[in-house]
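K.L.:
Going line by line, the protein sequences match chains U and A. Numbering-wise, the first sequence is residues 4 to 311 according to the numbering used here. Numbering-wise, the second sequence is residues 4 to 311 according to the numbering used here.
Please note: incorrect hints may appear among the correct ones.
Because identical chains share one entry, a pair is satisfied inside a single copy or across any pair of copies.
As the list claims (entries may be wrong) - SDA-like, lysine to any residue: derived pairs with alpha carbons at most 25 angstroms apart:
| id | residue 1 | residue 2 |
| --- | --- | --- |
| 1 | Lys47 | His106 |
| 2 | Lys84 | Pro65 |
| 3 | Lys175 | Asp258 |
| 4 | Lys47 | Leu108 |
| 5 | Lys105 | Phe41 |
| 6 | Lys84 | Gly111 |
| 7 | Lys84 | Gly126 |
| 8 | Lys242 | Asp270 |
| 9 | Lys84 | Gly45 |
| 10 | Lys84 | Asp116 |
| 11 | Lys84 | Gly68 |
| 12 | Lys237 | Ser252 |
| 13 | Lys84 | Arg24 |
| 14 | Lys175 | Ala261 |
| 15 | Lys47 | Thr88 |
| 16 | Lys47 | Trp90 |
| 17 | Lys84 | Glu74 |
| 18 | Lys84 | Asp20 |
| 19 | Lys288 | Asp20 |
| 20 | Lys84 | Ser113 |
What the hints contain is simulated information worked out from the structure, not anything from laboratory work.
2 protein chains.
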Amino acid sequence: MAIVALAGGVGDAKLTDGLARILPDGDLTVVVNIGDDFEHYGMKICPDLDTIMYTLGGVANPETGWGVMDESWHMLAMLEKYGETPWFRLGDRDMATHLLRKHLLDAGHSLTDITQRLANGLGITQRILPASDDDHATMVDTEGGMTLAFQEYFVRHRWQPIVKRVWYASEKNAVPSDAVLRALDEAEAIIICPSNPILSIDPILSLRGMRSRLENRRVPCVAVSPLIKGQAVKGPANKIMSELGHDPSTQGLLDFYAGLIDGLVVDSGDGVNSDEILESQILMKSTADRQRLAREVLDWAGSASLSK
Amino acid sequence: MAIVALAGGVGDAKLTDGLARILPDGDLTVVVNIGDDFEHYGMKICPDLDTIMYTLGGVANPETGWGVMDESWHMLAMLEKYGETPWFRLGDRDMATHLLRKHLLDAGHSLTDITQRLANGLGITQRILPASDDDHATMVDTEGGMTLAFQEYFVRHRWQPIVKRVWYASEKNAVPSDAVLRALDEAEAIIICPSNPILSIDPILSLRGMRSRLENRRVPCVAVSPLIKGQAVKGPANKIMSELGHDPSTQGLLDFYAGLIDGLVVDSGDGVNSDEILESQILMKSTADRQRLAREVLDWAGSASLSK
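Given the sequences, and given the hints that come with them, work out the whole structure.
P.N.:
As C-alpha cells, this is what we get:
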C-alpha cells in the first residue's frame, strides 16, 4: 500500500518509524517540512529532514529525539574556545550531514537528490522527500513587533514569544518538488503526522498548488492529532494555535484541516461526535506504540468507513 | 628583541615554539606561508597557519606535528558513512577552525583579523600573520603534464610526482599584508625557519615587493637549513630542490637565499667555508632542543659577526 506521510519533527519521526516498520520496503514516502531549514555558520541545516532521516536510519538519539545517538561535541567545544556561543548545538556526527549537504547544494545538486544520497548512506529503504527544492523559510511575527526566522523563534527564544502571524519568506513562489507530486499521484493513502499543524504541516500545505492538490485527492487522508487533552505532547502546538485564533482541541484541528482530511485520530476521550474521528492511544512511548498506532492509522485509512 | 620569523609547516612550528618560549611576550611575529591554503568541502583550510597556531597554542598533536591533540574523527566517519572518501583528514576539533575561518571570511573579515581572533581564543601571545590577505595558491606542474594544486600534490599524491615547475595562481597580484610590512619595519632580526625553501618560503618571497623588501633590510636575517646531510628532516625539500635544479646542500641553500640572508645555520658537519655559516644541532627532538636552537639563532642574529 503506497503511503505518503506528511511530517515535521520529533513526534512525526516516531509515527513514520512505526509506518516504516510495518510497511513493505518502498511503500512509504515521507514528505518533510522544510520551513525550519536555515543556515548556521554557513552550513545548511534541515532539522526535520535530519530528524526523520536519523530516525529511519536507526541512528537517532533516543533521549532527545533529535540529533545522532552517541554524539560528541568536540567541534562545538572548540568553537566555544574561540569565543563563539552557537545557539544551535552542532554535534560532530551531525556536522557531517550539514557539511555534505551544503557542499552538494553549492555544487548544484537539489535538496531532493542530496536527501536521497544521505538516506542511502544510512541504509534507509523508505523515500524521504523534502516538501520542496525551493527555499520556503517559516517566519514568525511576534507580539512586540519582532520578526524571527523559525529557528530563532523556536530554539533561540524557546518558542516563548507570543505569535501574531506566521508567514513564508518565499511567499507564493515555492512549489512542491516533482518527486512530491509524483508520490502523491501514486499514493493509496495520505497520512498527516501528529505535527504542529501550524509550524510543521502548514509550511507544506502553503507550497503553491499543494493545498488544492490535497483537496482534490482521490485517496483517503488521515491526520493524527498532536494534542492530548488540548495540550501538545511536546512543543508549542496548543500555544501557537491559541495565539493565532485556532481552538487547541479536536474540533479546532478538524476546522484547521477542513477539506484536507477524511479522518482524525485523537487520544482516548478526546473524540467529538463525528464520523471523522477515531479514538486511540496516540502517545508513542515505545517502538511497539509506534507500530500499533501506525497499524491503526493504516487500517482505518484503508477501510471503507472513510469517505474517500 | 622584535623578531619576525618566516615560517611554513611542521618543522617551523618547532622553531617558532622555541622562539616563543624564550622571547618576551609580544616580541615574536610569525609570518606564515599561505601557498598551501585550499578549500575542502567548502571550508577554508590553512595548513601552515593551523600548525603554527596549534603549536603556539599548546594544543598541537605531538605525534603528527599537525592537527589538534586528542583529536576525534566522528565527523569524518560519518562522511564516510555517506559514501565520501575525503583525502584530507578533517578532525572534529580542527573542523571548528576551518568552519569559523570560512564563516568569518564570508562575512568580510580579513584572514589577518581572523587569524588573530583564533589565536586569541587559544591564548596565544605571539603574533601570527598570514603572509598575505590575498589568495596566493601554490601550483605544481609535474612530469607528465599534470598541474596540481598544492594539497593535491602534497597530500593526495604524497609529493611523489616529479616537479617541473612551481608557480602561483595569483601570479604577480598578491601582496604582503600591511601587518606583515609593519612587522618587518619594526623587526630587529628576521629568521627564516627550516622550511622547504621552495614550497614554504618561496610563496612568501614571491609576494609582490616582498623579495626586494627583504633584500633592502637593515637588520640581520638568518635562515636555518631544512637539510641534514643533504636530506630533508621531513618532506620533499631535497627532492624538489633537485628536481628544480637547486643542489640540495648547504651551498645550494646559500645560492637559493643569496641576497636575502646574512647567515645560515646548518647541522654539524654540513658547513662550508663561509662567514655566513653557523654549525649546530638542527634536529629538534624535544622542547629543550627547540629552545636551544632558537637561542643560538637569536644570539647569532644579534651578534656583531653578521654583516648587517
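K.L.:
For each hint, tell me whether it holds in the structure or not.
P.N.:
Results for each hint:
In this assembly of identical chains, the alpha carbons of lysine 47 and histidine 106 lie at most 25 angstroms apart whether taken from the same copy (9 angstroms) or from different copies (13 angstroms). In this homomeric assembly, lysine 84 and proline 65 come within 25 angstroms of each other (Cα to Cα) only across copies, at 20 angstroms, whereas the closest approach inside a single copy is 29 angstroms. For the homomeric pair lysine 175 and aspartate 258, the shortest alpha-carbon distance inside one copy (23 angstroms) is at most 25 angstroms, but the shortest distance between copies (69 angstroms) is not. In this assembly of identical chains, lysine 47 and leucine 108 lie within 25 angstroms of each other by CA distance both inside one copy and across copies; the values are 9 angstroms within and 17 angstroms between.
For the homomeric pair lysine 105 and phenylalanine 41, the shortest alpha-carbon distances inside one copy (11 angstroms) and between copies (17 angstroms) are both at most 25 angstroms. For the homomeric pair lysine 84 and glycine 111, the shortest alpha-carbon distance between copies (22 angstroms) is at most 25 angstroms, but the shortest distance inside one copy (34 angstroms) is not. In the homo-oligomer, the alpha carbons of lysine 84 and glycine 126 lie at most 25 angstroms apart only across protomers (9 angstroms), although the nearest pairing inside one protomer, at 36 angstroms, exceeds that limit. In this assembly of identical chains, lysine 242 and aspartate 270 lie within 25 angstroms of each other by CA distance solely inside one copy; the values are 18 angstroms within and 75 angstroms between copies.
For the identical chains of this complex, lysine 84 and glycine 45 are neighbours both inside a copy (19 angstroms) and across copies (22 angstroms), given an alpha-carbon limit of 25 angstroms. In this homomeric assembly, lysine 84 and aspartate 116 come within 25 angstroms of each other (Cα to Cα) only across copies, at 17 angstroms, whereas the closest approach inside a single copy is 36 angstroms. Within a single copy, lysine 84 and glycine 68 get their C-alpha atoms only as close as 28 angstroms, which misses the 25 angstroms cut-off; across copies the closest is 21 angstroms, which meets it. Taking the shortest alpha-carbon separations for lysine 237 and serine 252, only the intra-copy value of 15 angstroms comes in at or below 25 angstroms, while the best inter-copy value is 71 angstroms.
Taking the closest pair of Cα atoms, lysine 84 and arginine 24 come within 25 angstroms of each other only across two copies (22 angstroms); inside a single copy the shortest separation is 43 angstroms, beyond that limit. In the homo-oligomer, the alpha carbons of lysine 175 and alanine 261 lie at most 25 angstroms apart inside one protomer (21 angstroms), although the nearest pairing across protomers, at 68 angstroms, exceeds that limit. Both within a single protomer and between protomers do lysine 47 and threonine 88 lie at most 25 angstroms apart by alpha-carbon distance, with minima of 18 angstroms and 21 angstroms respectively. For a Cα distance limit of 25 angstroms, the shortest separation of lysine 47 from tryptophan 90 qualifies both inside one copy, at 15 angstroms, and across copies, at 23 angstroms.
For the homomeric pair lysine 84 and glutamate 74, the shortest alpha-carbon distances inside one copy (19 angstroms) and between copies (15 angstroms) are both at most 25 angstroms. In the homo-oligomer, the alpha carbons of lysine 84 and aspartate 20 lie at most 25 angstroms apart only across protomers (21 angstroms), although the nearest pairing inside one protomer, at 38 angstroms, exceeds that limit. Within a single copy, lysine 288 and aspartate 20 get their C-alpha atoms as close as 12 angstroms, which meets the 25 angstroms cut-off; across copies the closest is 56 angstroms, which misses it. Taking CA atoms no more than 25 angstroms apart as the test, lysine 84 paired with serine 113 passes between copies only; the shortest distance there is 20 angstroms, against 35 angstroms inside one copy.
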